[in-house]
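A.B. asks: Sequence:
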Amino acid sequence: MKVISRALLRKLWERAGCADAKQPLLAWFKEVEAASWKSPAEVKQRYRSADVVGDGRIVFNIGGNKYRLVVWVKYSIELVLIKWVGTHDEYDSIDVTKVGLAAVKKTQKKTRSRT
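Using my numbering, the first residue of the sequence shown is number 35, and each one after it goes up by one.
Errors might be hidden in some of the hints.
Cross-link-like lysine-lysine pairs, in silico, DSS-like; alpha carbons within 27 Å at most [claimed, not checked]:
no. : residue 1 : residue 2
1   : K36       : K56
2   : K64       : K45
3   : K100      : K64
4   : K100      : K36
5   : K132      : K100
6   : K100      : K45
7   : K108      : K78
8   : K72       : K36
Just the calculated beta-carbon pair ranges, DEER-fashion [as the list claims (entries may be wrong)]:
no. : residue 1 : residue 2 : range
9   : K45       : N99       : 30 to 40 Å
10  : S110      : G51       : 30 to 40 Å
11  : G51       : S73       : 34 to 44 Å
12  : D85       : K108      : 29 to 39 Å
13  : D123      : S70       : 14 to 24 Å
14  : A75       : G51       : 34 to 44 Å
15  : D123      : G88       : 20 to 30 Å
16  : I111      : A50       : 21 to 31 Å
17  : D126      : K72       : 29 to 39 Å
18  : K78       : D129      : 17 to 27 Å
19  : Q79       : N99       : 31 to 41 Å
20  : F63       : Y109      : 12 to 22 Å
21  : G88       : S39       : 18 to 28 Å
22  : Y109      : A50       : 29 to 39 Å
What the hints contain is simulated information worked out from the structure, not anything from laboratory work. Cβ coordinates follow ideal geometry from the N, Cα and C atoms, glycine included.
Work out the full structure: start from the sequences and follow the hints.
C.D. replies: And the structure:
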């Protein structure tokens, strides 16, 4: 699979308090790059805790469910687009069906206001 937006993963593990996300995110990235998924069922075979939420979107639990990763998959061209990554608490405040740049900005504002 071709994975787009690796920079979003790096932004998370470079944030204060999120350095422990680096190894699980890199492991996920390498596994997905080597994969050749043809359907959501194939994703679920490998990642039993992944949630297929419709419209090509999948939510992955990362780092023992401390982090969440939302991607969009286009199986016919073997493309995975990272839509959002953050902590489990941040995930609870987003709409996974609409997540994207606007949701990321909103989450970052909330995170900043907590500090």
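A.B. asks: Each hint needs a verdict: does it hold in this structure or not?
C.D. replies: Against the structure, the hints:
no.: 1; hint: K36 with K56; in the structure: holds, 19 Å
no.: 2; hint: K64 with K45; in the structure: holds, 17 Å
no.: 3; hint: K100 with K64; in the structure: holds, 20 Å
no.: 4; hint: K100 with K36; in the structure: holds, 25 Å
no.: 5; hint: K132 with K100; in the structure: holds, 21 Å
no.: 6; hint: K100 with K45; in the structure: holds, 16 Å
no.: 7; hint: K108 with K78; in the structure: holds, 15 Å
no.: 8; hint: K72 with K36; in the structure: holds, 13 Å
no.: 9; hint: K45 with N99: 30 to 40 Å; in the structure: violated, 20 Å
no.: 10; hint: S110 with G51: 30 to 40 Å; in the structure: holds, 39 Å
no.: 11; hint: G51 with S73: 34 to 44 Å; in the structure: holds, 36 Å
no.: 12; hint: D85 with K108: 29 to 39 Å; in the structure: violated, 18 Å
no.: 13; hint: D123 with S70: 14 to 24 Å; in the structure: violated, 34 Å
no.: 14; hint: A75 with G51: 34 to 44 Å; in the structure: holds, 35 Å
no.: 15; hint: D123 with G88: 20 to 30 Å; in the structure: holds, 23 Å
no.: 16; hint: I111 with A50: 21 to 31 Å; in the structure: violated, 37 Å
no.: 17; hint: D126 with K72: 29 to 39 Å; in the structure: holds, 31 Å
no.: 18; hint: K78 with D129: 17 to 27 Å; in the structure: holds, 22 Å
no.: 19; hint: Q79 with N99: 31 to 41 Å; in the structure: violated, 19 Å
no.: 20; hint: F63 with Y109: 12 to 22 Å; in the structure: holds, 18 Å
no.: 21; hint: G88 with S39: 18 to 28 Å; in the structure: holds, 20 Å
no.: 22; hint: Y109 with A50: 29 to 39 Å; in the structure: holds, 36 Å
Consistency with the previously given hints fails for numbers 9, 12, 13, 16 and 19, ordered from lowest to highest.
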